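Chemist: Take a look at the letters that make up each chain.
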Amino acid sequence: MILASLVKEIQNAFTEGAQIEKVQSLVKKALAESISPIEIMNTMRDGLATVGKKYEQGELFLSELIISGIMAQEVSNILRPYLQNSETEFLGKVVIGTVKGDIHDLGKNLVSMMLTSAGFQVIDLGVDVSQEKFVEAARGDKPEVVAMSCLLTSAMDEMKLIVPRLEEAGVRNRVKVLVGGRPITPDFAREIGADGYGKDAVDAVNVARTALKKAS
Amino acid sequence: MTTLEHKEPDCVPITELAIDPPHLERITQTQHGGEASIQTAVTADRRAEEAINGVTVLAYRKLGFEIIPCAFSSPDGWVSSRTSDGAPVDEWGRVISYDSRSMTWVPSGSIFSAPEQFDQFPFPDPHASGRTFGIEDMKKRIGDEIALAGLVKDPFACAWEIFNVTNFVRWLYERPNFVRHVIERIADFNVEMIKRLIDAQADLIVCDGDYAEKMGPLVPLNFFREVILPNLRRQADVAHKAGLKFIKHTDGNINPILHDLVSIVDGLHSIDPSASMDMGDLKRRYGDKLILMGNVSTDNLCRKSKQEIEQETKECIRTAAPGGGYILSSSNSWYSDAKLENCLAMVEIGRRYGRYPIHVN
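Protein chains in written order, with this note's numbering: chain A, 733 to 948; chain B, 40 to 400.
The set of hints was computed from the structure by calculation and includes no laboratory data. Please read all numbers here as calculations on a predicted model, not as lab measurements. Just so you know, not all the hints are guaranteed correct.
Straight-line Cα separation of at most 25 Å, SDA-like style, residue types lysine to any residue; simulated pairs [to be verified]:
#, chain 1, residue 1, chain 2, residue 2
1, A, 931, B, 205
2, A, 785, B, 103
3, A, 754, A, 743
4, A, 754, B, 152
5, A, 786, B, 261
6, A, 786, A, 917
7, A, 754, B, 260
8, A, 786, B, 297
9, B, 343, A, 741
10, B, 345, B, 152
11, A, 785, B, 314
12, B, 345, A, 889
13, B, 345, A, 914
14, B, 353, B, 302
15, B, 378, A, 835
16, B, 378, B, 344
Covered by chain B, according to a simulated footprint, are these stretches of chain A (three or more residues, beta-carbon under 8 Å) [as the list claims (entries may be wrong)]:
#, region
17, 764-771
18, 905-911
Ideal Cβ placement from N, Cα and C applies to all residues, glycine included.
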């Protein structure tokens, strides 16, 4: 009973916008009570998913989404040593970047945070990322997902060129290509041959999960 | 300006809060090669400031714009500091990067990784000499021909950028008094700066900086009501005391805080159509209280056809112009990736259909 309520408290801490220290303390307490780190991780992800739904329904604000992502990162940091020898696996590996010609990173960073918190391994290529760098990462890091972001309309032209480059490099059939950002629309995503479109950071996680399910 | 008094002028005024230098050069068919930033002063090189002012005035005159924006300058002799990898840092501690496509400097990072670092950082002085260099130069060029809008950056939006979003949000929850204090200090700066802009003969004040994104306000409403909006009011009061209007720019869906904003500011810019901001609804509810400026989608200026922009502009005029109180403008600014033919089409439609009494089918 006590353990179940502790797990519930951790989940609620995300939706109630609790202080980071409180969440850290709850997690440490849960570990001390021998609650499995995987159960704690899953609880955190459930809490984050609830936050995401509430954000999309307009009940929570962007800052609350961001602080939940920060709390999730802190929880992950505490749990990491306990999980290293466990059987937990990443849901998938994602390479993400803002395309060349664009230096905006808020959306990309938020997506990275949400994907990491949801259980993906994220390799962030940064901003102003060339086609070559995306291709290199697809070859070398062997991700399941290549995710591209932009804020500027002008950068959409660059985004169009990346799927053909992945094809030329012979890696297109190994990855799911997901796109997002302010000017991006589902029609544009289809037009450029992307596999998915995320309308915001919360949706990006759902789209990544769906894309990987289709692949498996 | 008649429209600011909610009366019908001869014609709907038209302007933009910013036009990226590549467009300025195309419009004026000059090449001044300067770099600009409406978001922060990047240089105390007065010749560079004069150059960008010069091409801006030329462009605004050619377009027939009725309002021209101008921010305050950096102090005399100011030189930006640098990060360890050589990136320039502005007066507020924001790392700035040059975007060659738009020929503008944009904030891209922060030098602060802890609140204590900000407390030790030399805070900008609104009384430093040279602050009004740019606006005085602008006034000399335009005289009384074009209305002069003095620009300040909203304290909340400034703090959001100064600390990077992640740190701002983290400290908002872990160190709320610190964040409140920073916003108040920036508001103190703005209060003094607005006085100086007024002394430099600004005709109105525009407060730049976003409160919201597509889904809604960036932070919870209680923080708006306890911290952000009282500090906005302090700035608006300075403008009002001098008989000037105070217009607040913000992108995003501000419907949840609209009622609060109406009691503080005289006008709103952006009326962001990509974020559920309905111009018709605003005009109906607040048309006699709020100057409405914007609503021609910046995204559409980049993506849509000329004919679509013409229709969109006509609709904005039809909805918002009757009775006065409307300034035609895009919902943000003319980015370098906007199609210039679309931007010019917006202006052309404004001249054709913006004559009072308004007749738009």
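Chemist: Next step is simple, just say for each hint if it's right about the structure.
Modeler: Hints versus structure:
Under the criterion of a C-alpha separation no larger than 25 Å, the hint pairing residue 931/A with residue 205/B is consistent with the structure, at around 20 Å. A distance of roughly 47 Å separates the Cα atoms of residue 785/A and residue 103/B; the hinted pair therefore is violated under the 25 Å criterion. At roughly 12 Å between alpha-carbon atoms, residue 754/A and residue 743/A fall within 25 Å of each other, so this suggested pair holds. Annotation: proposed proximity of residue 754/A to residue 152/B holds, straight-line Cα distance about 22 Å (limit 25 Å).
Distance hint between residue 786/A and residue 261/B is fulfilled; the C-alpha atoms sit about 18 Å from each other, no more than 25 Å. For the hint pairing residue 786/A with residue 917/A, the CA-to-CA distance comes to about 23 Å; that is within 25 Å, so the pair holds. Using a Cα cut-off of 25 Å, the hinted pair residue 754/A and residue 260/B holds, with the two alpha carbons roughly 23 Å apart. Straight-line distance between C-alpha atoms of residue 786/A and residue 297/B comes to about 22 Å, which keeps the hinted pair within the 25 Å bound.
The suggested pairing of residue 343/B with residue 741/A is violated, with an alpha-carbon distance near 49 Å, which exceeds 25 Å. A C-alpha spacing of about 46 Å is found between residue 345/B and residue 152/B, which places the hinted pair above 25 Å, so the restraint is violated. Taken as a hint, the residue 785/A and residue 314/B pair is honoured in the structure, with Cα atoms around 19 Å apart against an allowance of 25 Å. For the suggested pair residue 345/B and residue 889/A, the alpha carbons sit about 20 Å apart, so the restraint of at most 25 Å is met.
For a cut-off of 25 Å, the pair hint linking residue 345/B to residue 914/A stands: about 21 Å separates their Cα positions. In summary, the hint linking residue 353/B to residue 302/B is not supported, as the alpha carbons are separated by about 29 Å, beyond the 25 Å threshold. A C-alpha spacing of about 21 Å is found between residue 378/B and residue 835/A, which places the hinted pair at or below 25 Å, so the restraint holds. Simply put, residue 378/B and residue 344/B have alpha-carbon atoms about 9 Å apart, close enough for the 25 Å limit, and the pair holds.
Residues of the region 764-771 of chain A with a Cβ under 8 Å from some Cβ of chain B number 0, which does not satisfy the need for three, so the listed coverage is violated. Against chain B, the region 905-911 of chain A contributes 0 residues with a C-beta closer than 8 Å to a partner C-beta. That does not satisfy the three-residue criterion, and the hint is violated.
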